[in-house]
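One letter stands for each residue in the lines below.
There are 2 protein chains.
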Amino acid sequence: MSKNIVLKLAEKRASIREYSNERISLNDVLYAIKTALQAPSGANKQPWRFIIIENPDLKLKIRELCEHAEKKFYESNIAGWFKEWLEKRGLSWRKPFLTDAPYLIAVFADMRAPFAKESVWIAVGYMLLALEERGIASLTYTPPNFEEIRKLLGVPRGYKLEVIIPVGKKLKEKIKEPRMKINDAVYLNKWGVGIEYAES
Amino acid sequence: MSKNIVLKLAEKRASIREYSNERISLNDVLYAIKTALQAPSGANKQPWRFIIIENPDLKLKIRELCEHAEKKFYESNIAGWFKEWLEKRGLSWRKPFLTDAPYLIAVFADMRAPFAKESVWIAVGYMLLALEERGIASLTYTPPNFEEIRKLLGVPRGYKLEVIIPVGKKLKEKIKEPRMKINDAVYLNKWGVGIEYAES
Chain A
10 MSKNIVLKLA EKRASIREYS NERISLNDVL YAIKTALQAP SGANKQPWRF IIIENPDLKL
70 KIRELCEHAE KKFYESNIAG WFKEWLEKRG LSWRKPFLTD APYLIAVFAD MRAPFAKESV
130 WIAVGYMLLA LEERGIASLT YTPPNFEEIR KLLGVPRGYK LEVIIPVGKK LKEKIKEPRM
190 KINDAVYLNK WGVGIEYAES
Chain B
10 MSKNIVLKLA EKRASIREYS NERISLNDVL YAIKTALQAP SGANKQPWRF IIIENPDLKL
70 KIRELCEHAE KKFYESNIAG WFKEWLEKRG LSWRKPFLTD APYLIAVFAD MRAPFAKESV
130 WIAVGYMLLA LEERGIASLT YTPPNFEEIR KLLGVPRGYK LEVIIPVGKK LKEKIKEPRM
190 KINDAVYLNK WGVGIEYAES
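Protein sequences appear in the order of chains A and B. Residue 10 is where the first sequence starts when you use the numbering used here, and the numbers rise one by one after that. Residue 10 is where the second sequence starts when you use the numbering used here, and the numbers rise one by one after that.
Please note that a few of the clues may not be correct.
Same chains, same names: a pair is fine if it fits in one copy or spans any two.
Lysine-lysine pairs mimicking BS3-like chemistry, simulated, CA-CA at most 25 Å apart [said to hold, decoys possible]: (1) Lys178 with Lys70; (2) Lys199 with Lys70; (3) Lys185 with Lys81; (4) Lys199 with Lys160; (5) Lys70 with Lys190; (6) Lys178 with Lys21.
Since the hints were derived computationally from the structure, they do not count as laboratory data. This one's a predicted model, so the numbers in the text were calculated from it and none came from an experiment.
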């Protein structure tokens, strides 16, 4: 087995908001979900359920509902550093990736399970790396109107929509946002006590 | 690059509660954290902070505090299917892995950041796969007394202890709990609509 593959995949993956209309293989999407299904979960309840959305009309409906909710959210809730951060990146209430990406993966958590949210997001982490391994771009999009989308997809009450992950081919290369180094984020035995570590 | 490595690592990894006293390399632990640091996060706030605990006295103190809290929790909160599930596996309020594992990784979330919890658990997912790649066993242990441990480690208010991950060499092989198949957990376009998929 080659070395440091997980780190290399993690470094390579960036959050992609612009997708080409190139098709991808449904098998690659299922490969990523198969990987996610191996994640640990509270009492092994495996509280995750996945809906793959490929129907163009349904994607459009989801986009419309989300953009309507996002527009209200942007108008009322966003200010300060966050507003600036979004504007610098040209981000707005518009969510074209919801129709441009060939597939959306809606991920639900069974909230009756212990540590449902934690478990589902570990599974999402697994999935992102598996998608990257297959050369598939992704984004973790958390819609404000999660209940509306749950109902639209016929999902029983008690399951919460945690995230919609558009997957596909990126329209263009994107430089990943910078990340902290070990020395910025890791302490030894106590908060504030750094670790001697030379970044390679 | 070899094929299906992420899936293979995910399949191989099981939650390990029994650790040998064999040392592991701190560099391998840092490799996994370096991988976690590459995870996506809300507005790239990177809300994760990691404390690696190697001091034996500190590990013992953490174990004592957690077992005290677990004992109360087990006596008052656990019943029904969950009690049965735990008993079948010999699980109790005793948490020997907190002293037996050579390192504990305490993972904190800066709760002021957007989607702090979601982001941190994606990073945990990345970390578990990177640990497995280096042959290191792990467990996601979520102590009930997270505030007590935060204070013990000198962590500022506002950071929440999400998980303690003991890492080390497993004492013995363990069979992974069974997982759902694609056909149990994945739908197409609508809840309840299965996908044609033959498990290989």
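Checked hints:
{"no.": "1", "hint": "Lys178 with Lys70", "result": "within (22 Å within a copy, 50 Å between copies)"}
{"no.": "2", "hint": "Lys199 with Lys70", "result": "between (50 Å within a copy, 13 Å between copies)"}
{"no.": "3", "hint": "Lys185 with Lys81", "result": "neither (29 Å within a copy, 46 Å between copies)"}
{"no.": "4", "hint": "Lys199 with Lys160", "result": "between (46 Å within a copy, 10 Å between copies)"}
{"no.": "5", "hint": "Lys70 with Lys190", "result": "neither (41 Å within a copy, 29 Å between copies)"}
{"no.": "6", "hint": "Lys178 with Lys21", "result": "within (14 Å within a copy, 29 Å between copies)"}
Hint compliance for this structure: hints 3 and 5 are broken, all remaining hints hold.
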